[in-house]
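Visitor: Sequence lines, in order, name chains A and B.
Throughout the first sequence, residue numbering follows our numbering, covering 1 to 289 in sequence.
Throughout the second sequence, residue numbering follows our numbering, covering 1 to 324 in sequence.
These aren't lab readings, by the way, just hints derived from the structure by calculation.
We treat Cβ as the ideally placed atom computed from N, Cα and C, and that holds for glycine.
A couple of the hints might just be wrong.
[Unchecked claim] Per label pair, the in silico range of CB-to-CB distance:
1. B:Leu164 to A:Val34: 12 to 22 angstroms
2. A:Leu193 to B:Pro70: 45 to 55 angstroms
3. B:Arg313 to A:Ile20: 32 to 42 angstroms
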Amino acid sequence: MKGLLLKRRKTGPRDLTVPIQLFSYMVLLAGAIVMVLPFLWMASTACKPPVELNKLPVRFLPDNPVCRQNLDTLYNTSPHFNRYLLNSAIVTIGRTLGQLVTCSLAAYGFARFRFPGHNLIFALCLALLMVPFQAILIPEYMLIRKLGWLNSFKALIVPGMFSAFALFLLRQAFLQIPLEIEEAAIIDGANPLRVLWHVTLPLSVPALAAFAVITVQAAWNDFLYPLVVSSTPNTRVVTIGIALLQGERHTPYNLLMMGSFLATVPMLILFLAMQRYFIAGIAMGGVKR
Amino acid sequence: MSTLRPTTTHWRVWLARPLEWLGPTPLSRRKALWGLALIAPNTLGLFFFFGIPVLMAFSTSLQEWNAIRPARFIGLDNFERLIQDDRFAQALTNTFKLIGLAVPLEVGLALGVAVLLNLPLRGRNLLRTAYFLPVVTSTVAASVVWTSIFQPRYGILSQILKPLGLGDTNWLVDPGLVLIPVAVVTIWQRLGFDMVIFLAGLQAIPAELYEAARIDGAGRWGRFRHVTLPMLSPTTFLVVVLAIINGFQIFDQVYVMTLRTVPGGVGGSATTLAYYLYRRAFTNSEFGYASAIALVLFTLILLVTVFQLAIQRYWVYYEAESQS
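Assemble the whole structure, with the sequences as input and the hints as a guide.
Guide: This is the structure in structure tokens:
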């Protein structure tokens, strides 16, 4: 009996009875189909010729796929669509790099240094986490307008370069690094910036990656804020571009799906490549901003 | 003043004295300065772009501010107007309806999926990926796709429901139905997010508890009922709170899904608080009135957050006790 208890039970598929496995697979597969179906529908509709859009019964796959042709038509309907994709990329990269710099500096400052007002400032930053963006949408817009930043990349990037969420996340990560490792570098005469760059950041790569993918995803998919501060093609991001297509009632669904497809694919690739970090980031934060 | 100090004061000491509040020793002062310098960019940026707007949000809600006349202070008039505004009441009701529709389904489904995906099944990583894919998609693209799925007659859903005589249902136009597609997109996009938090919660449950329950003769259901569910209740609470907060902020779905028919839904039937505030501010240029709506939205979310923080303290005790 004692030996039995001490033996660590190894759990594996054999541990589950056949009916339970069968039931689980059936439920999970049915759910997974519902989750994935919209993506397949998007891809399939993006390649349908216009006549097949309104054919009954509904075609799950196009009879005569015309992907290339629809892509060309999309660029005829929305000539700046590539520009929108580029703008989204610029905004995403700008915000993410900005947050990486400002938030890792600040996180390091809060994690390793004592100064007057330390706790108060940190608490105020955390309090900002409780403010939903929509609550400050109007004053934010007024501020941007007063700065003369409407329809500029500054408006789209600069406010997104600061984050209380990333500060919190990175500070947690830095606090987990043993102080002794950093002290070795300090004794060698390195200043805080060098310690951060050569010791702390390299040791926090998983946390940085988790934070970066979440920030990239949020920036790429941002909609309400760009909707309010930018209204010209020069600074229009892709989510707005799609909404504009949707707003024109005569835009056929194949073009809409092609546009959505182009906007979705970069994030899907990023996710599949960095899935581990996405999941870690969400499990760490438990909050999405 | 310490008597050990030299009588003639070097100019450096005068320079150092204003910095004394930073710390008692030169080293601590240096460290404090480094700390302040490190936090400065992010703190100042946060203050300027988020702190100031938070403060402004209160003052604008007390002003009449539109495209015609310059802003003027009108006290609580905006809030008085809110109480009598039927469309505000409708937006509030719609938001609560959406939360009531989406949150229980989203959390319940996510819990079920997480429990099953926590079983040692082959291929579960692939399945987890499938459930998580919608989370990384933009709500705008997702709403476009679901608009097409929900379109009458030529959408997939109409095809499936045709045998039931529902093939021509106009989900996005019928005022009684339009919240359903909006809720569906929300659930579809949030399920994977909730699932990940549940999985983290499930994996944090100590295996010994299951072992003990097994020895006590608990079956699979008994272990779920008496170990998993109670141990998971803090996680469930967190997921519910986050889902409610997200529900209060639903905007993109409404904006995109009703754009092809009647923006905001026929007779405002799909208008949520966030959407209503956006329309008031950026279509009608009533910035002051919209700020009052924003303040209501903020208060509602704050109430949920404060409730969560208060309860969370209780949960932490609960966990600590059960682990000792």
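Visitor: Please go over all the hints and tell whether each is borne out by the structure.
Guide: Here's how the hints hold up against the structure:
Checked against the given bound of 12 to 22 angstroms, the beta carbons of Leu164 (chain B) and Val34 (chain A), roughly 18 angstroms apart, stay inside it. Separation of Leu193 (chain A) from Pro70 (chain B) is about 48 angstroms and conforms to the stated range, judged on CB atoms against 45 to 55 angstroms. Take Arg313 (chain B) and Ile20 (chain A): their Cβ atoms lie about 38 angstroms apart, and the range 32 to 42 angstroms holds.
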